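K.L.:
As a plain string of letters, each chain reads:
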Amino acid sequence: MVEQKLRATLITGRTIDQGVGKEMGKGSIEYFESSAVCFMDKTDMIQLGIKSGSNVQVSSKYGSVIVKAVKFPSGITPGMVFIPCGLWANAICGDETFGMGMPLFKGFPVEVEAAPKEAVLTLDELLMKEYGR
Amino acid sequence: MTEIKSVVCPICGCLCDDLEVTVENNEIIKMKNGCAQCEAKMVHGYKSEERILKPMIRKDGKLVPVSMDEAVHKAAQILTDAKYPLLFGWSSSTSEAQQVGVELAEELGSALDNCCSVCHGPSVMAEQEIGIPSCTLGQIRHRADLVIYWACDPWASHPRHLERYTSFTEGRFEGSEWKNYMEKLKGAASQKKVALASRRILGSYNPPIHPQTCTVDAPPQAINKNGRKLIVVDVRKTITAEAADYFLQVEPNKDYEILESMRCLVADQELDVDKVGGVPVEYLKEVTDAMVNCDFGVIFFGLGLTQSAGRFRNIEIAIALTRDLNRRTKFVISPMRGHFNVTGANVVFAWQTGYPYALDFSQGYPQYNPGEFTAIDLLRRGDNDATLVISSDPGANFPRGAMQNMMKHPIITINPDMNAISRLGDVVFPTQWCGIECEGTAYRMDLVPIMLHKVVEPPKGILNDEELLRKILEEIRAIKAKNPETENNAELKARNKLAPRIEIKQRKKTKKAEVA
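As given, the protein sequences belong to chains A and B, one line each in that order.
Just so we're aligned: 25 in this note's numbering is position 25 of the first sequence, and the numbers increase by one with no gaps anywhere.
Just so we're aligned: 206 in this note's numbering is position 206 of the second sequence, and the numbers increase by one with no gaps anywhere.
Hints listed in this document are in silico derivations from the structure and should not be mistaken for laboratory results.
The structure displayed is predicted, hence computed values, not measured ones.
Possibly wrong hints are sitting among the right ones.
Said to hold, decoys possible - 30 Å max Cα-Cα, derived BS3-like pairs, lysine-lysine: (1) B:K47 to A:K129; (2) A:K61 to B:K47; (3) A:K61 to A:K51.
To be verified - Partial list, computed: chain A residues near chain B (C-beta under 8 Å): (4) I11; (5) E23; (6) G27; (7) S74; (8) T77; (9) G94; (10) K106; (11) G107; (12) A119; (13) Y131.
Glycine included, every Cβ here is placed at the ideal spot set by N, Cα and C.
All chains, full assembly: derive it from the sequences and hints.
P.N.:
Right, dumping it as structure tokens:
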């Protein structure tokens, strides 16, 4: 059965493509293509009725962002989504540190829904939207 | 065309020092031995179109190129006028520049923090609590017969870590596992071919259940092979996990429970539960058996521990497990530090001030308190009224809430290229690429200092981090000498420390009055 919203745990972190992208330059197409993505389990994608490559909206209580859904390259991790660290991931990460200086980057709840009509914003567009510059 | 050997890679904490770079007409045209990230930066990224070649100041909402003197004066004026600036970054700078950074913070009475506060800050806190049994990567390379990567994916973040320091390197006493890994890959490929052929002939095919994944109810594969063993513990099956001899898939935020359970098992205690953090206890027993029975074991831990629930307590318990294991065998633990000189930032700050990060000079002497003087906390509370960002990109890597607060006040950036924070800056300085256009000292993740090389000449008129910071520092001193009445000395700073917050309250009050 196709569901409208998927409740999942978000993990942000490094991927080799994101690493290459950031070294090529933050405005590079490599950085955009490797960072504005959301890795998901195959079963979760079926549940949402989406395919690899379609756009999804990931929302937390701190904000929401449109990214491209991609299937996890390996492993079985239903209920977990992964966004490579970067501007898109940080649009939904919280700045609460619990008195330890470290914000919420891993292991907090998010909701994922299909957003086929929405476009993924580029670095400059997202900076303009979030910070007005 | 010249070939330069033994060049040090200025990207991650591995600081690989065996790169061979070919330079023609003052440009790197090709290189050998580097990883994908290294090649992206040293052959393409450093000379990209995004390179900043002139200092810029934001005028009418747009960044306009200006002279170096004008930009230095503007930056110095912003920092002198500010009551409590924050100096953040430092992880991709040389240690020489970091040293000037401390001098600058002391002069300004500002907050001083490095990128460690959003990566391995909790590890530093845990090390201060409990100590750390560690060693250099050379020791691990030659002696370790059990390597555990906990909550990290070196294949993605430190691509040559396995190849240079652990499983896939030929040590003096331990051999490389590369051949076995290639055999495993060949096996997996032929298995895929069988599956494909069976599907064609039979119409359907059920592949054998992978015995290493805990999410399926299959008996664990015994870790009984000879030679170096590689165990990966993570919340998802990473590429490193695929290369491992044994993979434990744990539930997010459950590392503390698992580490504590392993401590019990090392102490020969029984657990009254079947599963801990999603992992069957018998699997944990397999891993602890391997740990106790090895000759020299090592745990490398990553941001999966420092950024998950528990933060520094996770590291503390991992170090406690290592300490317990040292009663039975030889075991060490080491953090997988990210940027090439984030370890150096900790070292330099610690030898200059006594503290590794989260520093405050508002009282005229250094104070240390993670949670209070860490960049995210300062920004979250809106304490600082100007920010200097050097060699890092909080624009892309800080949560939105913190960045929105940073944007309320002037931002000065010092970066070689137009990254996210340079795009948001008010005064934008260009600088040389450390390790490509200028030399300097950097600390490897195991605290070994390594000299970075200069490979090509920088573009004309661009200073390195150290020279630029010295220029700004001198300008600040000149401004203060001209206007002694506005001098931001430590005493004045102390009095004004709460001023931004009071100002905000006053502004809110006046707004309310206006609305009424």
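K.L.:
Sort out which numbered hints this structure fails and list those numbers smallest first.
P.N.:
2, 12
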